[in-house]
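Visitor: Given next are the chains, with one letter for each unit.
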Amino acid sequence: MKRSGAEILWECLVAEGVEVVFGIPGGAVIHITDALPRYPVRFVLTRHEQAAAHAADGYARATGKVGVCLATSGPGAANLVTGIATAYMDSIPLVAITGQVPSSMIGTDAFQETDITGITLPITKHNYLVTEAGELARVLKEAFFLARSGRPGPVLVDIAKNAQAQEAEFRYPEEPEIPGHPPKRPLPEDLLERAGELLNTAERPLILAGHGVLLAGGHTELLALAEKGDIPVATTLLGIGAIPGSHRLSLGMVGMHGTLQANRAVQTCDLLIAVGMRFDDRVIGDPKAFAPNAAIVHVDIDPAEIGKNIVPDLAIVADAREFLAAFLPLVEPKKRSDWHAEIESWKREAGWDEPLREEGRLLPQYVIHEIWRATEGRALVVSDVGQSQMWEAQYYLHELPGSLITSGGLGTMGFALPAAIGAQIGRPDLPVWVIVGDGGIQMTIQELATVVQEGLPLKIAVINNGYLGMVRQWQELFFNRNYCATCLHNPDFARVAQAYGIRGLRVDRRADVRAAIAEALETEGPVLIDFRVEPEENVFPMVAPGRSLSEVILPQRKEVR
Amino acid sequence: MRHTLVAAVVDRPGVLNRMVSLFRRRRYNIESLAVGHSETPGISRMTFVVEGDDRVIEQVKKQLEKLVDVIEVRDVTGEPAVVRELALIRVRATSEQRGEVAQLVELYRAKVVDVDHDSLMVEVTGTEEKVNHLITLLEPFGIEEIVRTGPVAMVRGARPKEFRINVLK
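Quick mapping for you: the protein sequence lines, in order, are chains A and B.
Numbering that gives the first Met the number 0 applies: residue 0 is where the first sequence begins, and numbers increase by one.
Numbering that gives the first Met the number 0 applies: residue 0 is where the second sequence begins, and numbers increase by one.
Just so you know, these hints were derived from the structure itself, not from any lab.
Owing to the predicted nature of the structure, the values given are computational and were not obtained by experimental measurement.
C-beta atoms are modelled at their ideal positions from N, C-alpha and C, and glycine is treated no differently.
Be a bit skeptical, because a hint or two may be false.
[What the hints assert, rightly or not] Listed below are the simulated PhoX-like cross-link pairs for lysine-lysine, each with C-alpha atoms no more than 25 Å apart in a straight line: (1) A:LYS1 with A:LYS140; (2) A:LYS227 with A:LYS346; (3) A:LYS307 with B:LYS60; (4) A:LYS1 with A:LYS183; (5) A:LYS334 with A:LYS346; (6) B:LYS61 with A:LYS307; (7) A:LYS287 with B:LYS61; (8) B:LYS61 with A:LYS183; (9) B:LYS129 with A:LYS307; (10) A:LYS183 with B:LYS129; (11) B:LYS65 with A:LYS64; (12) B:LYS129 with A:LYS140; (13) B:LYS110 with A:LYS183.
[Said to hold, decoys possible] Negatives, chain A to chain B, calculated, CB over 10 Å: (14) ASP33; (15) HIS125; (16) HIS180; (17) GLU353; (18) GLU398.
[To be verified] One side of the interface only, derived from the structure: several residues of chain A facing chain B at Cβ under 8 Å: (19) LEU145; (20) PRO178; (21) GLY306; (22) LYS307; (23) PRO311.
Input sequences plus hints: build the corresponding full structure.
Guide: And the structure:
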């Protein structure tokens with residue numbers, strides 16, 4: 000049957016199971032929005048295209064489905080870039096649809112023309128420019144397939160305006176035809192056995208679980224492996240939730256702001272099994288001094304991650320869940336009480352609960368931990384970037400897999416609020432909390448309007464210290480307290496929220512934290528709480544950039560070991 | 000160390016751009032690049048020479064293979080491969096010198112493909128070393144212009160994988 004390109008687009012999206020599209024209309028996608036009311040797809044109108052991309056990203060992270068965003072040509076498409084780059088760095092399946100000027104005008108610097116396929120070349124798994132309606136079905140089939148296959152990631156489809164209006168025969172292909180992709184890789188039995196031998200003879204093994212475990216849905220297998228072998232588990236920032244935060248084998252996050260016990264365990268272990276992670280510089284510190292006593296087994300779905308930052312002793316290219324499931328029978332049950340006793344002693348040394356005392360100034364760690372307490376560690380938390388993100392990672396102990404959504408790789412400030420919009424739409428059954436700094440929220444604060452328009456009951460905790468806090472912390476520690484361009488003169492966030500139609504609260508004292516959180520939880524609609532926290536509180540533990548994970552700075556600034 | 004890699008790629012608009020963009024972004028050092036059609040319609044074969052240690056070359060190969068339009072990449076450096084480059088060299092030569100130049104050209108199994116009043120155009124095919132050598136020998140006459148294709152490579156004896164694809168526009 001003949002349909003317009005715009006109709007073909009929606010037919011394809013419906014065939015792919017897409018229920019929500021985030022975006023903003025415009026001249027070069029007007030055929031597409033014109034056809035929309037005939038299809039069962041919810042269109043969420045954001046206030047900025049960057050937010051549309053982040054919302055689609057948050058939706059994808061919360062549901063495991065492909066997130067879809069839509070923007071017009073030129074500025075609309077360009078505004079998606081930060082969101083696409085964020086999704087690319089964190090391996091999030093996203094399909095970004097952009098309008099393009101008519102194909103007869105491409106290359107003429109036409110009104111609202113930009114080379115978005117050129118711009119997004121290095122931040123997409125793949126991208127397409129479609130100039131004829133007849134190509135759309137094949138391209139969209141490939142786009143969705145690529146977004147979710149192998150290591151997931153964003154794919155952009157740029158559709159010239161004439162291809163949207165033009166009619167063509169519509170038939171949605173059953174299978175994509177992409178020669179060589181993804182390459183078939185059977186699990187290497189011999190390497191698995193080698194890894195099993197290494198584990199069964201190790202005295203101080205450690206599992207380092209990354210985002211790949213969660214993307215593959217391998218948390219159950221991970222826990223089974225950890226418990227069977229009595230193996231402690233540290234996670235990367237994006238691996239948080241791969242093991243319940245309260246589990247006795249959970250060491251918390253590793254890296255620059257990782258827990259003392261996680262970093263010590265990495266530096267002390269004799270076998271490191273790194274699964275679904277890519278040895279990011281924020282994870283490993285000085286690569287030459289990383290895990291100096293360990294044989295390293297690296298398991299990742301992306302062969303290009305093997306040997307990129309750390310050269311492992313044993314490499315297995317595999318889906319994390321498939322690996323964990325196949326590995327489990329090769330592991331002998333063990334008890335490792337000496338190893339755990341050593342780890343326990345580091346936990347005690349770390350002084351993690353110091354900031355959680357009931358008296359004294361209002362500390363951000365306390366606020367986040369109280370949110371944890373009130374939600375029993377079972378909320379879906381979307382954190383922004385910087386100090387608030389690190390405190391969230393340290394003081395909100397996630398019980399559920401996939402219950403932390405944050406921009407790990409790109410470190411995109413302004414991510415949290417729009418990503419939470421997508422997350423809440425994808426998971427209306429879960430309480431969604433936003434943990435965001437006063438700097439970060441102002442990068443996408445206009446999305447409070449989207450929250451109201453969509454009727455989303457987000458609970459937004461602004462960790463307000465009046466600074467771009469992480470940069471200020473570095474200025475304090477490494478630049479002689481030269482607070483250049485980091486002090487923020489802020490609006491009254493509670494009143495800003497009220498102006499948008501959101502309940503706004505303000506908390507200045509520790510004693511008022513619990514009541515405010517309780518009030519937010521009891522309120523049906525969205526609530527924003529402006530927590531005026533201690534301005535110059537720092538994130539500790541800390542490993543200075545480029546230094547070894549052995550050089551952990553604790554709150555007292557004493558160098559340990 | 001220099002490595003010669005051969006890639007099979009889907010012949011679609013922008014595929015070269017994708018590869019070159021990857022080299023630029025990850026700061027791989029490409030010395031030469033030669034592209035042309037393969038035995039299969041819709042598939043091009045590309046030979047390129049990269050400078051780097053084994054770890055870098057491994058990354059180049061794996062990163063390239065992640066590109067959707069790249070079907071496979073093979074490092075033929077250690078393999079028994081025939082590697083050839085073509086160069087066109089315009090060298091100054093008066094009528095008296097022509098004979099001398101022609102003699103050199105013959106020794107290198109090269110050809111004179113154009114003659115002008117005071118210059119000759121020489122076509123030479125061979126390994127990079129051979130081409131370099133001939134250039135060195137021609138330098139005393141005065142070289143006016145050089146065009147080189149960069150090496151292309153094929154492994155001896157081995158038959159390539161068959162590629163079955165839909166021919167895409």
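Visitor: Looking back at the hints listed earlier, which ones does the structure fail to meet?
Guide: 4, 9, 10, 12, 13, 15, 16 and 23
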